[in-house]
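This is what each chain is made of:
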Amino acid sequence: MVEQAEIRVVHQGGSNITFREPAISSDSRFLLCASGHNVKVFSTVTEECVQELRGHTDLVTGVLLRPSNHLQAYSCSADGTVRLWDFTDGILIKTYVIGYPICSIYASASHDGVIFIATPTKGYKTLDSLQLLAVHLPQTAGQLVETSDLSAVLSDVSANPATVAFGRAGEYVASTNGVQLQIFFFKKQKSFRFSLKENSCSGRRNTFTCVACHPTDDCIATGHEDGKIRLWRNFDQKREYTYRTLHWHHSTVRALCFTPEGSNLLSGGVESVLVQWRYQQESQQDFLPRLGAAITHIAVSPDGALFCTSHSDNKIVLIQSCVKVSSIIQGLVKGEAVQTDLMVDPRSKALVLNGKPGHLQFYSLQRDRLLFNLDVVQQEFIHQEGLDQFQVVMATLDGAGAWLATVEERKQETVEAELNLKLWAFDEPSQSFVLNTTVSTPHEVRITAVTFDPAARGQTSLLVSCGRDGLFKAWRLAPPAHPDDGGPSWTCDFVSGYHGLTPQRCCFSADGSLLAVGFQEVVTVWSPASWELLLTLSQPPGIIRDLCFGRLSCSKFLLGTTSSDQLCCWNLLTCSLEWSTSMEVSLLLADPLSDNMAAFCHQDGNTDLFVFKPSEPRPLFSQKAVCSGRVSRAVFAPREVALESCEESSQWLNRSQLYFLTPLMDLLTFSTRAEEERLMTASKQLVVDDSVAMTPFQLLLGKRRPHHQAAVEDPAVRPPAERPVPPGGSAAVRELLQSPAHVLPAAAALCSVFMEALLETPSDPEEEEEEDSDQEMETRATRPERGLLETDSADPVLSRAQVRELRRVRKLDHSWFSSLLDS
Amino acid sequence: MASFKPTKIPVYPKLGEKVTQDTLYWKNYKAPVQIKEYGAVSNIDFSPVAPHNFAVTAFSRIHVYGPFSQEPVKTFTRFKDTAYCGRFRSDGQLLVAGCEDSVVRLFDVSGRVALRMFKGHTKAVHVTDFTSDRYQILTGSDDYTCRLWDIPNAAELSTYREHTDYIRCGVTSKLNRDLFITGSYDHTLKVFDARAEKSVMTMDHGQPVESLLLYPSEGLLVSAGGRYVKVWDLLKGGQPLVSLKNHHKTVTCLALGNNGERLLSASLDRHVKVYNTTTYKVVHNFDYAAAILSLALAPDDESIVVGMTNSILSIKHRKHTEESKEIMSQQRRRPSYRVFVKGKNFVPKPDDYLVSKPVKEHLAKYDRELKKFNVSKALDASLEIWLRKKKPEITVGVIKELDRRGTLKNALAGRDEEQLSQLLHFVIGNIVDTRFAPIILTAAEMILDIYKSVIGQSALIDQQLLRLQNILESEINLEQELLEVLGMLDTMFATSVTRKEVPYSDVGRSNGLAQGEASSSRPELQAT
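Read top to bottom, the protein sequences are chains A and B. Each residue of the first sequence is one higher than the one before, counting from 4 in the numbering used here. Each residue of the second sequence is one higher than the one before, counting from 758 in the numbering used here.
Some clues are possibly wrong.
What the hints assert, rightly or not - Counterexamples of contact, computed for chain B against chain A with all Cβ distances above 10 Å: (1) Lys762; (2) Leu1127; (3) Phe1250.
As the list claims (entries may be wrong) - Each computed DSSO-like pair below joins lysine-lysine, with the alpha-carbon atoms no more than 27 Å apart: (4) Lys327(A) to Lys880(B); (5) Lys1076(B) to Lys1122(B); (6) Lys955(B) to Lys327(A); (7) Lys765(B) to Lys231(A); (8) Lys327(A) to Lys1128(B); (9) Lys327(A) to Lys1114(B); (10) Lys880(B) to Lys765(B); (11) Lys1128(B) to Lys765(B); (12) Lys231(A) to Lys1122(B); (13) Lys1129(B) to Lys414(A); (14) Lys231(A) to Lys1129(B).
Hints are computed from structural coordinates only; laboratory data are not their basis. By construction, the Cβ of each residue, glycine as well, lies at the ideal position given by its N, Cα and C atoms.
Generate the whole structure from the sequences, applying the supplied hints.
As structure tokens, this is what we get:
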């Protein structure tokens, strides 16, 4: 179909960067991590993504520095290829085709030209049983290389990549699965197996979770599910092996890592504390507490100066020598489920959803960057499994972005549920939200919906909350009861119910003159000005699931979905059902900038999207099987620049863009072909322009060049001697602009060089002027210098006419500057 | 690495009265001086001239007190029966008083024997006053008449027989020698002009009038009777301006304070209320031990004198700012913090390289223990005696935090008799507080679970547990009664409100808003 070809579902940022262990380059300047189908290269200093290595067609399952060349890195993917990259320039060097999906990749400095990969054992479909293969990489030329020299090293390898480690100088490999530790010696071609009991005497589980080998000593550290760390020695004997137990962690050890010299052992787990054990003096530990979320991976730079820990909240923390957090690379935080609705902050145009436990995250869609986390709960988070913590379950922003309302809950199902409604005011000086009012237990039972009046501004803001206690309450900003109490705060303005039914949804009309509250099967429409019940609608049976007013030209329509799979549209002028259709709508939302509405329908395990106008019978756009599973969160984000699309099917994307979250927490969006082409050309232009951003500064310098060239290419008027020296200055400027900001020396050091480079051109005409006035003096002073710079110092004397012509050219040359200044 | 977030102590809305300029002003009095009189103090009057002595009429005596003396400087005892309404003349030289035996006596302040006796009334005289020309006396009596007397020759000038009940209050105009106003138990106020035969204005108060007060400008008249205080605009022909009902028993006395900006009313309900005379809102309230019969303020509010039915005279003197300043300066003399900080005023030069020291975050003791996961010690720290007495919300906050961490049971367990009794003491003290009840109930249940095996081993603990049980039982009974009342109220509302289209919403509104907003009020059932 044409439509499908025109509009595509695309991934929009926010990919997981902590899926696999990251790798730090040997100069500690770059951090490589697998991110979805790509490998991202971050600068460790600026936290910016410097390169994105694209090429894999499936999930990247491992990143590894090439042991023999520290500027190259391997990446493996579930698409069955291993790729070799030059990660500083972002060039794909080689692609090795393995042919099986790869789960993880390992290498060892002593095994040259060999990499080890974990792939599913043939015959087994599941990922439970993997085998470790050694792959001899052929030294053939060409980009695409088929590898066939595979040899099995170990079988029965766990799917967790942390359970395989290479020992001292690659002599042996240790692998754990379940309660078994397996060690294979390459030289002797011999393997040893050690087993622990399934459960220790205290009933805790002994299962291995990770393993690390000492780089210079024969010692293997293993982490266990009960929080113990065991240090194994003498494991080259069947019986005389020993182990020592270290126990600090109270729950599962997730990551273990030795520093390159082997002086320290790092461990981390759910507690989100990085523990540094002194090797041989294990009673001494250093701690780095409160890293934010459970540690999933630990990596150490080859010089041992920089540690990095990956966390379960999609964050990589860089730590300098176990004392100081130097930088944090944060992706879009994805919890187990997003409980708040997706929202767009009208000020920052950022996507707002709950992220870290107890926080709201503001995520910039344009820049694919987390802007900031708003601490809603403001309590110390205890990293312990099975603990019932406060969770942000609802959040809503008012039309101007001046107020934010959040609802947090604890012990959601029990009787003594704790509920807080918090109202946050936007603070201009600090550019963030500041807590204004906390209402504890606003409703006696859980809150089902909160919404702001979209039209109200400033002092007249109105918030409506619905609770399972059968009431809905209106909250208003009220001046303090006493002038000494400080600023205004929110108080309850109106409480009402409808025959004791539970309100499920509430929705304001676009102008704020009507409030629709869905009480199970009945839709009630109220006037917020007088709090009068205007009308009730209850045509088709079924509990109201979603309510939405039409916008702009369709504002007379009220749409609702019911649990009996009906999509109904009421006309509020005639108070009658306009139309209804039978479809299982999981989510209904209105575009705030147009009169379009989007309905996500769940059908046969897939979600279909319909975009329609309430007043028109035909949908504007429909796409079957947008994604699998039920879509429950979506948002229309207004575009910064409206598109000029003429095709009917994609017109609904002109003003705003539709983002939605799949059940697997991927953030997807729709993009048109025109838009993609525009993006492509933009990126091409960027390449042509030597990847200099279009800044005012670049316009200043970028325009200079053509003029310069024009002046040069004017041989008739310009004597050969007057050709401007390819000045050291412009080279310096180019170098300055082309190299990334983070690799440049301090601005103070650059300043003088840069200023000289800029001054170079204007100084020429002045020289000419002076030459003109007193030739004898100046020529003597400047000529020898020229002679040094240029190869042919034969310098004919200029005629008057030539000089005049030259001046004219110079004047021309300067006009661009004055025009720029004027504009 | 984020820093430790301290335990959040919720801020509860402050109950009780707010601190305002008025409360500060009216609280700025010393502890009262209490003087036992011979009987109920029926009237107090301040002398208009310095040193502002005041005459206290109680039983058959009139005592005159000096501004700071606690002993009477002068006593008038020549009454045959109960004396009423001892009042000074505007020059402070003469004092007039009525008596139960219907004779009005005029005294010289320095003398002892009555200068004049005005006989003519047939019943007790409760009202006496001088007119503004100083030569005449107004009297009002239980024989329903009010009369004007000439002082020099003790002759009756005129009699007005318009009231139909006892005359119990009256004032003369300070600006016009001919005007006076009387209030009677026949519910009326009457304005008389001595030049006219009849009253010139009559106002209906609605209750027996107990007290009258004229504003200094004499444009407004305040009358007290029954539970009401009413303000009348005399210039608009006696139009009622405002009616105040802030007492729940008869208002007996009125006074003006703060240069006429505040009105005070005293009542048999043992309260003195202070009103703002522009808004007529109550801005302050004094409590006294017994029903108040009389009230007077010294000029500039230097003292408040209140006479009560239990024959106690209570005198409050104003605290002076010099005294409080003295205390301040004494405090300031102590060695101060800044003495010990070296280089506090050092200003770095522009080219100095500043090494900033990381600011150490101050944590409370319980937070320090919580940071180290020492749960028992954290609970101990929060149960320190001054903390649990003065700021129970902190103790409750820590208990809540421990519960959130799932370690409350560990923190409560393993305590000896003394610690456990401390804990129980706190629980008993706060379990009925609606702000704390939910979490303290959880803690109390845990305590019972943990220590049920050792019940009976300590008499102290057993006693406390019994007290806890009693408190809970009485609380449950209270809640039940309250719910019954609420049910009754709901039915009343339902019947009184006209049935609209959605009757439920009206009921909901009356309930939800009557409870002072749902903003922070817990449902009352929580404590059961």
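Of the hints stated earlier, which fail here? Hints 1, 2, 4, 5, 6, 7, 10, 12 contradicted; others consistent.
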